[in-house]
Amino acid sequence: MKMIENVKRRHFLIGSAGTMAAAAVGMPAGAQDSDNPLPDYVSWKDAEDVIVHSKQTLETKRAAQGSELITPSTELYIRNNLPAPSDDIVANRDAWEIEIDGVANPGTMTVGDMKTLAVETVVCVLQCSGNGRAFFDHETSGTQWSVGAAGNVVWTGVPVRAVIDAMGGAAEGANFLTGTGGEEIPEGVPKETIQVERSVPMAAMDHAILAWEMNGEPLPLAHGGPLRLVIPGYYGVNNVKYLKRLALTEGESPNKIQQTSYRVRPVGVKGDPSQPSMYEMSVKSWITGPLMDAATGKVQIHGVAMGGVSDLEKVEVSIDGGQSWAEAQFLGPDLGPYAWRPFVMITDLAEGTHTLASRATAKDGLSQPETFPPNERGYGNNGWRVHAVDVTVS
Numbered sequence: 001m002k003m004i005e006n007v008k009r010r011h012f013l014i015g016s017a018g019t020m021a022a023a024a025v026g027m028p029a030g031a032q033d034s035d036n037p038l039p040d041y042v043s044w045k046d047a048e049d050v051i052v053h054s055k056q057t058l059e060t061k062r063a064a065q066g067s068e069l070i071t072p073s074t075e076l077y078i079r080n081n082l083p084a085p086s087d088d089i090v091a092n093r094d095a096w097e098i099e100i101d102g103v104a105n106p107g108t109m110t111v112g113d114m115k116t117l118a119v120e121t122v123v124c125v126l127q128c129s130g131n132g133r134a135f136f137d138h139e140t141s142g143t144q145w146s147v148g149a150a151g152n153v154v155w156t157g158v159p160v161r162a163v164i165d166a167m168g169g170a171a172e173g174a175n176f177l178t179g180t181g182g183e184e185i186p187e188g189v190p191k192e193t194i195q196v197e198r199s200v201p202m203a204a205m206d207h208a209i210l211a212w213e214m215n216g217e218p219l220p221l222a223h224g225g226p227l228r229l230v231i232p233g234y235y236g237v238n239n240v241k242y243l244k245r246l247a248l249t250e251g252e253s254p255n256k257i258q259q260t261s262y263r264v265r266p267v268g269v270k271g272d273p274s275q276p277s278m279y280e281m282s283v284k285s286w287i288t289g290p291l292m293d294a295a296t297g298k299v300q301i302h303g304v305a306m307g308g309v310s311d312l313e314k315v316e317v318s319i320d321g322g323q324s325w326a327e328a329q330f331l332g333p334d335l336g337p338y339a340w341r342p343f344v345m346i347t348d349l350a351e352g353t354h355t356l357a358s359r360a361t362a363k364d365g366l367s368q369p370e371t372f373p374p375n376e377r378g379y380g381n382n383g384w385r386v387h388a389v390d391v392t393v394s
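The opening position of the sequence shown corresponds to residue 1 in the numbering used here, with each subsequent residue numbered one higher.
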């Protein structure tokens, strides 16, 4: 908890700097607005900083990102594949029980049991596979996310490996870590067609936790409480909410969400298991201010960057649409390879229109590309050019 309090103090300082920068350049309160009211189960969200796409999808406004090192829970995006369960499941959080299979001694374990094993805190980016979908030229189904289906979150829970060890260790032949969500399946609907059950390679278990806290508070129902599988560096769909079953399996889940959904495939092609699955996130960055206009003279250009599954090496910023680049400065502490880092570059902007872009490079040598190939569902877009913003300086 001391670490979380330190993070809170640090992100307040960054938030103050970001607020001053926003005021200095006349940054708007939000690049987009929504007339849709907040759904009841997320009525505690900050309506000024989120866009309500539907009852199951909320997006953080671009201008609200990056001014704080940790994304406030009230601003964090929502993406649910199924309606959230009743809040009855968080009435007695420690009593929540999950089934554990694919181990030497299969059985069940409650959250209360898990708290006696070990506790670990990790900071990592939570990002929807479709973040950036709206920037593709081709028509895509699904929520038209801009950049707001991502946030930097503090998670606390038990390491998955500690749970597996407590059950006698992994059974032979295990290749995947499979998590099953506890959402209600409508009567008469085959569960394999809609049940949230995702399998990830066993290597992901090394850093995975079963989280019961988010940003130092009990995990909200809307974000998967009372228990969520969190896999740092992996896209949000793999971070299964309302976790009801954890299994080490030989093969991938037979469910649709694993077999044909969340597959990167050419436009017009149906999904199948041979196509790449949305597992590890890619290196990515984007500008969060200024977004529309600025005054001539010294301007603070700021944004956020992530290395995916690697530490960041650097972030470069361009004020001329990528013709030239200058290295930006990171803001705040480095919270590890899975967290994002706010950045800033102070420069002179002359009167006129400027295309502001950012380009991140990770220590594993991977760099944010200029463009990302179109794909049927609009997944994984990390191209820097489409994430650029045009700013009018006067």
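Among the hints, erroneous ones may be present.
[What the hints assert, rightly or not] Mimicking DSS-like on lysine-lysine, the simulated pairs with C-alpha atoms at most 27 Å apart in a straight line are:
1. 191 to 256
2. 256 to 270
3. 256 to 55
Derived from the structure by calculation, the hints contain no laboratory data.
Going down the list of hints, with the structure as the test:
1. 191 to 256: Judged against 27 Å, a Cα distance of about 9 Å means the pair holds.
2. 256 to 270: Since the Cα atoms of residue 256 and residue 270 sit roughly 12 Å apart, the hinted pair holds (cutoff 27 Å).
3. 256 to 55: Given pair residue 256, residue 55 holds - Cα atoms ~22 Å apart, limit 27 Å.
In the structure shown, no violation is registered for any of the earlier numbered hints.
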